[in-house]
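Visitor: Chains R and W are the protein sequences, given in the same order. Quick note: our numbering has the first sequence finishing at residue 340, numbered continuously throughout. Quick note: our numbering has the second sequence finishing at residue 340, numbered continuously throughout.
Just so you know, the hints here were simulated from the structure itself, not pulled from any lab data. A portion of the hints provided could be inaccurate.
[To be verified] Partial selection, computed: residues in chain R whose CB lies under 7 Å from chain W:
| hint | residue |
| --- | --- |
| 1 | T42 |
| 2 | A75 |
| 3 | I78 |
| 4 | L94 |
| 5 | Q98 |
| 6 | N112 |
[Unchecked claim] The following residues of chain W were derived to be distant from chain R, with all beta-carbon distances above 12 Å:
| hint | residue |
| --- | --- |
| 7 | A160 |
| 8 | D164 |
| 9 | R185 |
| 10 | L200 |
| 11 | D216 |
| 12 | P219 |
| 13 | I273 |
| 14 | R315 |
| 15 | I323 |
| 16 | V330 |
Glycine included, every Cβ here is placed at the ideal spot set by N, Cα and C.
Given next are the chains, with one letter for each unit.
There are 2 protein chains.
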Amino acid sequence: MSSIREVARLAGVSVATVSRALKQPDVVSPETRQRVLTAVETAGYHPNLTAVQFRAQRTRNLVVLVPKIANTFYARVITGIQQAAQRAGYGVLLCNTQGDDQVEAGYAGLVNSRQADGVIQLRAHDPFPASNRPQPLPMVNACEVLDAPPCPSIQLDNRAAARDMTEHLIGLGHRRIAMIKGPRRSPLTRDRAAGYRDALAHAGLAYDATLLQPGDFTPQSGYAGARALLERSERPTAIFCESDEMAIGALQGIKQAGLRVPDDISLAGFDDIEFARYCDPPLTTISQPAEDFGEAAVDMLIAVLEQQPLDVAHRILPYRLLIRDSTAGVGPNDGPTPAG
Amino acid sequence: MSSIREVARLAGVSVATVSRALKQPDVVSPETRQRVLTAVETAGYHPNLTAVQFRAQRTRNLVVLVPKIANTFYARVITGIQQAAQRAGYGVLLCNTQGDDQVEAGYAGLVNSRQADGVIQLRAHDPFPASNRPQPLPMVNACEVLDAPPCPSIQLDNRAAARDMTEHLIGLGHRRIAMIKGPRRSPLTRDRAAGYRDALAHAGLAYDATLLQPGDFTPQSGYAGARALLERSERPTAIFCESDEMAIGALQGIKQAGLRVPDDISLAGFDDIEFARYCDPPLTTISQPAEDFGEAAVDMLIAVLEQQPLDVAHRILPYRLLIRDSTAGVGPNDGPTPAG
DNA sequence: TTGTAAGCGTTATCAG
DNA sequence: CTGATAACGCTTACAA
Numbered sequence: 001m002s003s004i005r006e007v008a009r010l011a012g013v014s015v016a017t018v019s020r021a022l023k024q025p026d027v028v029s030p031e032t033r034q035r036v037l038t039a040v041e042t043a044g045y046h047p048n049l050t051a052v053q054f055r056a057q058r059t060r061n062l063v064v065l066v067p068k069i070a071n072t073f074y075a076r077v078i079t080g081i082q083q084a085a086q087r088a089g090y091g092v093l094l095c096n097t098q099g100d101d102q103v104e105a106g107y108a109g110l111v112n113s114r115q116a117d118g119v120i121q122l123r124a125h126d127p128f129p130a131s132n133r134p135q136p137l138p139m140v141n142a143c144e145v146l147d148a149p150p151c152p153s154i155q156l157d158n159r160a161a162a163r164d165m166t167e168h169l170i171g172l173g174h175r176r177i178a179m180i181k182g183p184r185r186s187p188l189t190r191d192r193a194a195g196y197r198d199a200l201a202h203a204g205l206a207y208d209a210t211l212l213q214p215g216d217f218t219p220q221s222g223y224a225g226a227r228a229l230l231e232r233s234e235r236p237t238a239i240f241c242e243s244d245e246m247a248i249g250a251l252q253g254i255k256q257a258g259l260r261v262p263d264d265i266s267l268a269g270f271d272d273i274e275f276a277r278y279c280d281p282p283l284t285t286i287s288q289p290a291e292d293f294g295e296a297a298v299d300m301l302i303a304v305l306e307q308q309p310l311d312v313a314h315r316i317l318p319y320r321l322l323i324r325d326s327t328a329g330v331g332p333n334d335g336p337t338p339a340g
Numbered sequence: 001m002s003s004i005r006e007v008a009r010l011a012g013v014s015v016a017t018v019s020r021a022l023k024q025p026d027v028v029s030p031e032t033r034q035r036v037l038t039a040v041e042t043a044g045y046h047p048n049l050t051a052v053q054f055r056a057q058r059t060r061n062l063v064v065l066v067p068k069i070a071n072t073f074y075a076r077v078i079t080g081i082q083q084a085a086q087r088a089g090y091g092v093l094l095c096n097t098q099g100d101d102q103v104e105a106g107y108a109g110l111v112n113s114r115q116a117d118g119v120i121q122l123r124a125h126d127p128f129p130a131s132n133r134p135q136p137l138p139m140v141n142a143c144e145v146l147d148a149p150p151c152p153s154i155q156l157d158n159r160a161a162a163r164d165m166t167e168h169l170i171g172l173g174h175r176r177i178a179m180i181k182g183p184r185r186s187p188l189t190r191d192r193a194a195g196y197r198d199a200l201a202h203a204g205l206a207y208d209a210t211l212l213q214p215g216d217f218t219p220q221s222g223y224a225g226a227r228a229l230l231e232r233s234e235r236p237t238a239i240f241c242e243s244d245e246m247a248i249g250a251l252q253g254i255k256q257a258g259l260r261v262p263d264d265i266s267l268a269g270f271d272d273i274e275f276a277r278y279c280d281p282p283l284t285t286i287s288q289p290a291e292d293f294g295e296a297a298v299d300m301l302i303a304v305l306e307q308q309p310l311d312v313a314h315r316i317l318p319y320r321l322l323i324r325d326s327t328a329g330v331g332p333n334d335g336p337t338p339a340g
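Use the sequences and the hints to build the structure in full.
Guide: In structure tokens, the structure reads:
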């Protein structure tokens, strides 16, 4: 691999001139510039970016901490991140963390070891151990956000979205609305559950903790949650899952129990993943601007890194209630229990 | 950020000793080592990896060129890549290329600019322009492989897998078996179509080009392909899609046409993505060891980079025919047209 | 407009 | 066992 020195030798100029000819072309004479360009060509020269980064004391690389790359929602967020980063001239180091604190800390260490300039964290957890915490903190927290994030953040108003969905179900006449929740610790779960309670309270409906099922955002847990709910003596007339993946599992569980959606039971998801509209029936859900999360995260992180002021440190992105065919009015046998 | 010099100053030793204390602890005296470690602690020192890479003239980073990160099959491959890379002490630069030659060439350039040591290419395309092609080529081609790859490769025996699936359908009594294909240019498409023809020929069935529909691996194209096939006067009794995502779209198309799977028509996919078993009915498909592709690619690339001999330069990974509920025998009305 | 030379942080070599 | 020093490739004062 030829270095700048080789080019300088070929062009009969100093290395400084080569550098200038490439980085500030207008400051060298046209003839020199041409000679350098030719030499670059014949030498097959490519600047050594590692050397450039080393000298510049920054890499223009961003670390992205993703709990699970295979999750289709995160995949969309990542797509947005990549696009925005490329546009801004930054590279992306994608790290699959499985939500493991240790692994996250390790990857966050890329900033300490100056392999990257900043971190985009897609989980509600601070990956920087108190011991080696860069100042100012080059981080942005997106999607699942800490309660008091030590950095800029971008999230959905999960509580409002869940309230809207629950109100949609209530509006259809549902009174026994179950919820299959996400991971216990997640703020997402807490906020969506809060929105669900908000809607119940607002409609004057009793909150019944036995209508809540635990889950972990996987189809398997949705399946299990649905089966458990259907075994109750008084089964719910609607199930609201905190993610589409769980709803897809729940849908299978409901069908295997011999019930129909939405005739016998309504089903709602959250996220609007690609397969939601290919479900049978297509899934009513909340659509999130996944790619926008990624773009916004990159823009804000770069602003932090380049010490530009942020107009909003904590952004809320809009959602949409997408009513498809998996939710409908309660059937004649599912309404309020007749008196007597 | 403190450098090795700061640590040396604090410990009252030379920078060389600090470096040794950290990298070859057994070569410095215990007391010195202890003093250095203490100094590292109080200085909050982290080695500057950029400097290390610069000096070592290698990064221990691998570039992965992914056509579409949001594709669930690739997501699994990536998961395998990450695991294997981490185990081997390599980092991963994940690049979403959308199958764009320009973008790929740009990312492959990370090797030329020494931001990465090698490339894992998941598409049948050589990302290195002839002009700047490193020698020896630090690349591995996995999943969708070039016909004469200029580097080690890992792939499925797509032709055999498609033949197996087609034979499964023929064994069920199907005679009019349609295929919804992947992108025209892809070797995957060509090989799977070849396997389909193999099976037809072997069973003495006529090959009917009008039973082939174009597609691009998206659910949308599967939907469109299915609708087109069902409009034929003599509709097929089975549809074999070259990917599960297309099969999921096709399934919706079939249902919307008022037909049942598998009663009226059998449907098969390819890949065994997570949602395949959550389809209604669960999808018969070919399962691929996606994570193994990733791991094998990393292992082979590292062998290339570290100039270790490869026992097999071109690996074939095993598939499994997964018979679920979307394929069944032909119905009484779907058999060979009665005479007269 | 161009050249000289320092310096980024690390490690390897060589001398002590 | 430890220290001094050169070198990796590049950019940028500063000098010419």
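Visitor: Hints broken by the structure, by number, lowest first?
Guide: 1, 5, 12 and 13
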